[in-house]
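Visitor: Just so you know, the protein sequences line up as chains X and W, in that order. For reference, each letter of the first sequence is one residue, going 1 to 378 in my numbering. For reference, each letter of the second sequence is one residue, going 1 to 378 in my numbering.
Please note that the accuracy of each hint is not assured.
[As the list claims (entries may be wrong)] Listed next, the stretches of chain X that the computed footprint assigns to chain W, with coverage defined by at least 3 CB atoms under 8 angstroms from CB atoms of chain W:
#1 34-45
#2 61-74
#3 177-183
Read the hints as simulated data drawn from the structure, not as lab findings. The beta carbon of each residue, even a glycine, is placed where N, CA and C say it ideally should be.
Number of protein chains: 2
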Amino acid sequence: MKFELLSKDPGSKARTGRIETKRGTVDTPVFMPVGTAGSVKSMSPDELESLGARIILGNTYHLYLRPGDERIARLGGLHEFMGWRRPILTDSGGFQVFSLARINKVEEEGVLFQSHIDGSRHLITPESAVNIQRNLGSDIMMSFDECTPYPVSFEYARESVMRTIRWAGRSKEAADGSDQALFGIVQGSVFMELRDMCLEKLVEIGFDGYAIGSLSVGEPKEQMLEIMNRLAPLLPDLAPRYAMGVGAPEDIVEGVGAGVDMFDCVMPTRNARNGTLFTSRGTLNIKNNIFADDPGPPDPDCGCYTCRRFSRAYLRHLYMCRELLSYRLNTIHNLYYYLRLMEQIRDAISSGRFEQWRNAFYLESGSGDDKLRMNGGP
Amino acid sequence: MKFELLSKDPGSKARTGRIETKRGTVDTPVFMPVGTAGSVKSMSPDELESLGARIILGNTYHLYLRPGDERIARLGGLHEFMGWRRPILTDSGGFQVFSLARINKVEEEGVLFQSHIDGSRHLITPESAVNIQRNLGSDIMMSFDECTPYPVSFEYARESVMRTIRWAGRSKEAADGSDQALFGIVQGSVFMELRDMCLEKLVEIGFDGYAIGSLSVGEPKEQMLEIMNRLAPLLPDLAPRYAMGVGAPEDIVEGVGAGVDMFDCVMPTRNARNGTLFTSRGTLNIKNNIFADDPGPPDPDCGCYTCRRFSRAYLRHLYMCRELLSYRLNTIHNLYYYLRLMEQIRDAISSGRFEQWRNAFYLESGSGDDKLRMNGGP
Chain X
1 MKFELLSKDP
11 GSKARTGRIE
21 TKRGTVDTPV
31 FMPVGTAGSV
41 KSMSPDELES
51 LGARIILGNT
61 YHLYLRPGDE
71 RIARLGGLHE
81 FMGWRRPILT
91 DSGGFQVFSL
101 ARINKVEEEG
111 VLFQSHIDGS
121 RHLITPESAV
131 NIQRNLGSDI
141 MMSFDECTPY
151 PVSFEYARES
161 VMRTIRWAGR
171 SKEAADGSDQ
181 ALFGIVQGSV
191 FMELRDMCLE
201 KLVEIGFDGY
211 AIGSLSVGEP
221 KEQMLEIMNR
231 LAPLLPDLAP
241 RYAMGVGAPE
251 DIVEGVGAGV
261 DMFDCVMPTR
271 NARNGTLFTS
281 RGTLNIKNNI
291 FADDPGPPDP
301 DCGCYTCRRF
311 SRAYLRHLYM
321 CRELLSYRLN
331 TIHNLYYYLR
341 LMEQIRDAIS
351 SGRFEQWRNA
361 FYLESGSGDD
371 KLRMNGGP
Chain W
1 MKFELLSKDP
11 GSKARTGRIE
21 TKRGTVDTPV
31 FMPVGTAGSV
41 KSMSPDELES
51 LGARIILGNT
61 YHLYLRPGDE
71 RIARLGGLHE
81 FMGWRRPILT
91 DSGGFQVFSL
101 ARINKVEEEG
111 VLFQSHIDGS
121 RHLITPESAV
131 NIQRNLGSDI
141 MMSFDECTPY
151 PVSFEYARES
161 VMRTIRWAGR
171 SKEAADGSDQ
181 ALFGIVQGSV
191 FMELRDMCLE
201 KLVEIGFDGY
211 AIGSLSVGEP
221 KEQMLEIMNR
231 LAPLLPDLAP
241 RYAMGVGAPE
251 DIVEGVGAGV
261 DMFDCVMPTR
271 NARNGTLFTS
281 RGTLNIKNNI
291 FADDPGPPDP
301 DCGCYTCRRF
311 SRAYLRHLYM
321 CRELLSYRLN
331 TIHNLYYYLR
341 LMEQIRDAIS
351 SGRFEQWRNA
361 FYLESGSGDD
371 KLRMNGGP
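Pulled out of the complex, with its shape left as it was, chain X reads as follows (with noise of 0.2 angstroms):
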C-alpha cells in the first residue's frame, strides 16, 4: 500500500490524499460502507461499484465466526468469495469482541470470549486476529486492541491502553512478511494522557496508517471531536489517518477538518433498513405519514437511482409492507448521500474552499430543524 499526500486546506487542518493498492486507487478522505458478513446489506458489489464505493470494510468477528476465516481462504479469499475486486478493509474484531460477544476474560494473551450466535468459546489472540485478516486476504488489516466502554476509569483505561500497545507490537510481528497493510489503533478513552502516549508508541512501532478508535462509543459528541481534533494532527503527515466507526455526515465534515483522511459507519446503511433517508435538507423518515400522498423524489436534489425512479408514496409504501425493496433502496440512497457527501468534499478541499463548502453545508443540511424542513418541504 502507498499514501500520497495531494492537497492541504489553507484553512483547517483537511487534506486529499490517494492510497494506492493493488486492487485499485482509494482518494481520501474516503467513507467505507459496512460489509459486516461478506455483504454490504441488501447491496450486490456491482451496485456498491456503481454507487462509487472505492473500499469497504469487513468485519474480522463476524466472518471468523461464520462463514469461517479459513473456509474463505480456501474459496479465495474474502474479495472472490463475496465478489468485490475492489479494496478492502478488516477490522481487527476488537470493537465486536468487546460489543457484541460474552466477554470471558481479558488476559496478556487475548479475549477469551463466546460467540453471540451459539455461546461457542473462542480465544482472540493479536497473533490470531493477524491471521484471520491474512486469511480473510484483505487490503487493508488492523491490529488487534481493546475497545474501552464509555465511561471507563482511568485506571481500567490505563491498564487496557498498555495491553492494547504491547498487542499492536505482537500485531506487527504477526504481519511480518504479508503484503497487506496493516494500521495501528489508538485508544486511551477520554483521557488525552493516554492518547497521546498511545499515538506515540504505536508510531514508534511503525504502522502503515493510524487509527482512532473507542469514538462514538457513548461519549458526548464534543469529546469525540476534542479527541479528533487532537489526535489527527499529530499522527504521521505521511500516513492514512482513519477514525473508526465515524459517523453522523456531521461527524464526518468535523473529522475531515481534524484531518482525518478515512471513515467508516454502519448509520447509512442501518438508518436506511429503519426508514431514515439522509438528504441535503437534513434526515427524512419515510415512515412519516406525510408521505403517503407524496408523488416526489425522497431528495429533489438527489441523483441516485431511488430519487431518479420512486416516489416519497411508495418508498413509504415499501417501508410499511416491510417489502425486501425498501431496505434495498433507501440504503442505495444513503449511500449515495455519503458517497457524494465525500466527492464533495475532496473537490471543496482540493480546490481550497473546505472552509467555504463546511458553512454551506450546515446551513443547507438545517443542522438541528431537519424535521421542520422537510416538513415545510418542497
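Given chain X, put chain W in place with the hints provided.
Guide: Positioned in the frame of chain X, the structure of chain W alone reads:
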C-alpha cells in the same frame, strides 16, 4: 388488448401466441412473476425487465388494503407507483379474500371480510373489485369470483359456481367503457360438470380471456392436470387461457401441453426466499451443509447474474446469515430459471418439437430424484 395465435404444436394442445397491450407485447406461453403489494419481492423493476419479465401480477386484495387503490390512482396508477412500464395483470382479490382474510359472510352482494392486517371490516363486490382494478390501472383485470377450498361438497361447489357466474356478469358490466381487458374465471372445484357449465356460461357472457381458478389449492396433482387438460381445449381458441396459481415447473409444462397460455405462481420467488433454487438438474437446497465449501455456481448451465457471479458457498453463507442479499440473489436465479423455461417452451412449440423438448426436460430435471442428483454434484 389483442390476442393473436401464432402456432400450434402438432403433437399436443400446446400453442404460441401474442398478447398486444398499449404497454407492450407479451409472447405466450408466459409466466407472470407475482408482485403482491406493488413489488415482486426483493426485485427492482429494472432487474425484472433485464430478467426478461414481460408482464407481472399485482394483488388487488393487498393493494386495496395497503396503500389503497384510490391513493394509487391519485399517484398515477400502479405502473407509475411501482415504476414498472410493462403490462400488469391484477387478480380480482377473490383468492386472497378466501385464503388470507377472515370471512364474515359470503352473500349475493359480495363478501364481507376482515383485513388480515388490522382486522378492519370490508365488503368486496364484483363491482368494487373491478373498480379497484380500474383505479390500479392494470392492463388485464380479473372478474370477481369465489375461490372454493379443497375439498368442498358438490352442493357448496354448485351454489358457489352459480354465484361466481352471476358475479362474472356483474364484473363485465362494471368494466363497461374501460380500456382495460377483463378475464372471466372458470370455477367448479374438482367437479367436471360444474367446470363445464361455468365455462359455457362465461363464454356466453364473453371475456377477453379465460382463467381456470381454484387450481393448486390442495387437490391431488393428477386432478389439477385433469382439470387443465379438460378445460383448456374447451376454451375459445382465440382468447388467452390462464391457469391461476400454476405452478411448479412440471405443472407449467403440463399446462402448456394442455393448451394454457398464461401462468403465475409465487413458487420461484417464495422458494427463493426459503433457499430452494430451481436448476436444470432439479432443485437445490442452498442451506445444505454440502455446499459450505462449494466454489461452483448454483447451476453450471445457468447464465443468470447469480450463477455468473457467486458460488454455492457464498449463497449458503448469505442464507445462513439471513442476509438481505440472499433473498435477492436467489430470486434472480429462480425467476431467470422460470423465464428461460418459458422461452424454451415457446421456441419448442414454434419449431414443432414441443413433445421432444418435454421428454428431454423430464429426463434432465430428474423428476423426483433431484436431491440425489444434486448431492452427487455436476
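Visitor: Now tell me if each hint is right for this structure.
Guide: Results for each hint:
{"no.": "1", "hint": "34-45", "result": "holds (count 8)"}
{"no.": "2", "hint": "61-74", "result": "holds (count 4)"}
{"no.": "3", "hint": "177-183", "result": "violated (count 0)"}
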